[in-house]
Amino acid sequence: MSEKVLMKGNEAIAEAAIRAGCRHYFGYPITPQTELAAYMAKRMPKIGGVFLQAESEVAAINMVYGVAGTGLRVMTSSSSPGVSLKQEGISYIAGADLPALIVNVQRGGPGLGGIQPSQSDYFQATKGGGHGDYHLIVLAPSSVQEMADMTVLAFDLADKYRMPAMLLADGTMGQMMEPVVLPEPSTSTVEKPWAITGTKMQREHNCINSLYLQSGDLERTNFERFEKYKVIEENEALYEEFMMDDAEYCVVAFGIAARVSKNAVVAAREKGLKVGMIRPITLWPFPKKPLAAAADKVKGFVSVELSMGQMIEDVKLATECKKPVVLCNRAGGMIPSPEEVLASIEKMAGGNN
Amino acid sequence: MTTQLLIAGFGGQGVLFAGKFIAYKGLLEGRQLSWLPSYGPEMRGGTANCSVILSDDPVGSPIVANPDVLMAMNLPSLDKYENDVVSGGVIIVDSTLIERKVERDDVKVCYIPATKLAQQADMPKLANMIMVGKFIKETNAVSYEGITEALKKVIPARKAEMLDINLKAIEIGYNAE
Amino acid sequence: MVVFEKPKSLTDAPLHYCPGCTHGIIHTLVAQAIDELGIEGTTIGVAPVGCSVLAYNYFKFDMAEAAHGRAPAVATGIKRALPENIVFTYQGDGDLASIGMAETVHAATRNENITVIFVNNAIYGMTGGQMAPTSLPGQVTQTSPYGRDTSTAGFPIRVSEMLATLDGPEYITRVAVNNVKNVRNAKKAIKKAFENQINGKGFSLVEVISSCPTNWGMTPQKALEWIDENMIPYYPLGVYKDRSAEKGEEA
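Chains F, V and H supply the protein sequences, listed in that same order.
If you're matching positions, the first sequence starts at 1 in our numbering and goes up one per residue.
If you're matching positions, the second sequence starts at 1001 in our numbering and goes up one per residue.
If you're matching positions, the third sequence starts at 2001 in our numbering and goes up one per residue.
If you're looking for bench data, these hints aren't it; they were derived computationally from the structure.
Fair warning: there could be bad hints in the mix.
Chain F side only, calculated, beta carbon under 7 angstroms to chain V, not exhaustive [claimed, not checked]: (1) Pro32; (2) Gln175; (3) Met176; (4) Glu270; (5) Lys274; (6) Met334; (7) Ser337; (8) Pro338.
Beta-carbon label-pair distances, calculated as ranges [unchecked claim]: (9) F:Trp194 / H:Arg2184: 50 to 60 angstroms; (10) F:Lys228 / V:Pro1076: 54 to 64 angstroms; (11) V:Thr1002 / F:Lys4: 13 to 23 angstroms; (12) F:Lys42 / V:Glu1161: 42 to 52 angstroms; (13) F:Gly132 / H:Ala2013: 20 to 30 angstroms; (14) F:Lys127 / V:Pro1124: 53 to 63 angstroms; (15) H:Lys2247 / F:Leu213: 30 to 40 angstroms; (16) V:Glu1161 / F:Val190: 47 to 57 angstroms; (17) F:Lys127 / V:Lys1152: 29 to 39 angstroms; (18) F:Gly332 / H:Thr2011: 50 to 60 angstroms; (19) F:Lys42 / V:Leu1167: 27 to 37 angstroms; (20) F:Ser215 / H:Met2218: 28 to 38 angstroms; (21) F:Ser56 / H:Met2218: 13 to 23 angstroms.
Quantities reported herein were computed from a predicted structural model and do not represent experimental measurements.
By construction, the Cβ of each residue, glycine as well, lies at the ideal position given by its N, Cα and C atoms.
The following block holds chain F by itself, in its conformation from the complex (with noise of 0.2 angstroms):
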């Protein structure tokens, strides 16, 4: 096993994609994910990759269509107000059906909003972000191992399904060091026969595209895309279970939000309060399963977001509203403190006693 390292998250996500096999960065400057682009721009030519600073968030994304088309890896990196200028690209991408890495490291919104940590492009990320039916494969990392690990995950998940996957982190995620051991170099090696590499004259020539002018071939498209997302649903979703044995009461919390969380259960359970927590790590898919699970053995749930409420739509959806789900939020950059979240477990233990 390699040694245990410090690093920051943004520095752990841009050494585990290199070592997961990208060559390719492309990305625009955005508080608070900067040290990954300048991680990028130190390592890659030193290793003969390309860090290329674009003249825009929607050029970045647009040279990551390029380069999936060849079927290399490819990422770009951004923060919230950056990664809604991609999402034009990020549609063309998933309508081409290209495997590609975007990273989110979120802060608060709308608009410049503020560049303190943020959870809240959740249904940006979740619901597709641009326009048209389509999906990315979400991963909300909540330590920075997770981040490295989580980074190779996504490539080859990205590549396994022919699809752009996101990681979601936030300001928080990206700007906090702890022990990392990096991921070993990849070995996937995946064929992608459908790649533009030049027919070299013994082949029909391929096209990335995504325009469909007959109705029936595009809504055949779409059917075929949601065919497989079927699958990733039924096989990838992950999560991790906190003391959810004897719960009554489920915190459901992701990323940071989760490790706010995690003290809050744990005093809770000091008070003597029987209180777990789902901590989604995919929220596309989202992990229903244990969540539906959960509604027919817990009295309620508290949803803990650093946004306005917005995971907490898919955790009712999960639960079919079987039992009752409370919003537990900061927003704006603002992070609920545990003892805010054990009000909210409290409150809610109280009103159902």
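For chain F, the structure is supplied; the task is to place chains V and H on it using the hints.
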């Protein structure tokens, strides 16, 4: 055992570096830990702070709202965070830059003229590491043994000449009254 | 004796362009250049959004379809990934000089080693004849029904002149395809723009003054005359930048 440390001061005082050193020291001691800086415009010459958590168990929230130990490197930081420190906690004050006394009586307070000591030792930029030395002495959150190895982790090879002087600074702080 | 042969790197798909449209000529010139240089097997084209959006159906080499205006960024990605391949974009005036101006200027200033075929017919064709960034002062279009009023709609952009002010690009030239002589010159320029890429010289852009009989509301013949009478006086033909020639290097 868990130690939640908040280091606060002006940008440029080496607040983040001090935190990074302590984090690496913890790493080398096999502890679980997190290090979280304040970031953004406030880094540019304004206030800077960093949260370091050292623990025997996995770290939950990396945000330190109620520190066990506050290292205050200027007056605004003491004003801002004094009342957040947990009862029975420790406040380490750079008494060169902070003239007032800590008002709480339920915490242990250590006054150390770190900036003055740094100037006297001809290392004016290393008041931060003198404070770190005091932190080690007063809290034992990390051990004094093996500080050289931890320093090697945070001082890049191209600045190797900085190693001795940082060691010296920690030593001055550790042995200060 | 064969006087005219369809270039090998064109497919047999029937072109969808309107009668009298010059896209067909320009496709042919591109395909001829690629055939003559023997690069069909390594070429990757990038199609725009606009009338030539379906260009990927007409070329036998690999193609990518870009979002509106983003072809230079897509081409940048492809070329950076596969530097040994030949990468070109084929873009209209709305695509290149309006929505994609930033991508155009920055690919040029980076001297990306790509070839850009820029078809300027002073109108948005595919969407039905709206005012383009290159529509002439006073030109009547669907969205300038009283003629382009420069006091509210601004002036046309002379892309070649503007890009030639940059230190980055290798080769910027403007040609036309409204008569035999101009078509021959256009062919030479397009071939040179690909040769530049093969020789690693960098960003080469050929602006091709083209016609749109349908949306100009003219017969094809009249449209070709309109190019001479109105387009070329505003957009003079010629080489605006040729770094290697300026340095006295072999072209």
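Structure-based check of each hint:
1. The interface hint given for F:Pro32 holds, since its Cβ lies 6 angstroms from the closest Cβ of chain V, which is under the 7 angstroms cut-off.
2. For F:Gln175, the interface hint holds, since its Cβ comes within 7 angstroms of a Cβ in chain V; the closest pair sits about 5 angstroms apart.
3. Against a cut-off of 7 angstroms between C-beta atoms, the interface hint on F:Met176 holds, since the closest Cβ of chain V lies about 4 angstroms away.
4. A hinted interface residue such as F:Glu270 counts as satisfied when its beta carbon comes closer than 7 angstroms to some beta carbon of chain V; here the least separation is about 13 angstroms, so the hint is violated.
5. Below 7 angstroms, beta-carbon pairs count as interface contacts, and F:Lys274 has none with chain V, the closest being about 19 angstroms; its hint is therefore violated.
6. At its closest, the beta carbon of F:Met334 sits 11 angstroms from a beta carbon of chain V; the interface hint therefore is violated under the 7 angstroms criterion.
7. A cut of 7 angstroms between beta carbons decides the hint on F:Ser337: the least distance to chain V is about 6 angstroms, and the hint holds.
8. Hint status for F:Pro338 relative to chain V: holds, with the closest Cβ pair at about 6 angstroms, below 7 angstroms.
9. A hinted range of 50 to 60 angstroms for the beta carbons of F:Trp194 and H:Arg2184 is inconsistent with their spacing of about 39 angstroms.
10. In this structure, F:Lys228 and V:Pro1076 meet the distance hint of 54 to 64 angstroms, their C-beta atoms being roughly 55 angstroms apart.
11. Hint check: V:Thr1002 to F:Lys4, Cβ distance near 19 angstroms, so the stated range 13 to 23 angstroms holds.
12. The hinted range of 42 to 52 angstroms is not satisfied by F:Lys42 and V:Glu1161, whose Cβ atoms lie roughly 23 angstroms apart.
13. Under the hint 20 to 30 angstroms, the C-beta atoms of F:Gly132 and H:Ala2013, about 26 angstroms apart, fit the expected range.
14. Between F:Lys127 and V:Pro1124 the Cβ separation comes to about 55 angstroms, which falls inside the hinted range of 53 to 63 angstroms.
15. Remark: the range hint 30 to 40 angstroms for H:Lys2247 to F:Leu213 is contradicted by a beta-carbon distance near 47 angstroms.
16. For V:Glu1161 and F:Val190, the hinted distance range of 47 to 57 angstroms is satisfied, since their beta carbons lie about 48 angstroms from each other.
17. For F:Lys127 and V:Lys1152, the hinted distance range of 29 to 39 angstroms is not satisfied, since their beta carbons lie about 48 angstroms from each other.
18. For the hinted restraint 50 to 60 angstroms between F:Gly332 and H:Thr2011, the CB-CB distance of approximately 55 angstroms keeps it satisfied.
19. F:Lys42 and V:Leu1167 have their C-beta atoms about 28 angstroms apart, which keeps the hinted 27 to 37 angstroms range intact.
20. The hint said 28 to 38 angstroms for the Cβ distance between F:Ser215 and H:Met2218, and at roughly 33 angstroms that hint holds.
21. For the pair F:Ser56 and H:Met2218, the supplied restraint of 13 to 23 angstroms is violated, since their beta-carbon distance comes to about 38 angstroms.
The structure fails hints 4, 5, 6, 9, 12, 15, 17 and 21 (numbered hints given earlier, in ascending order).
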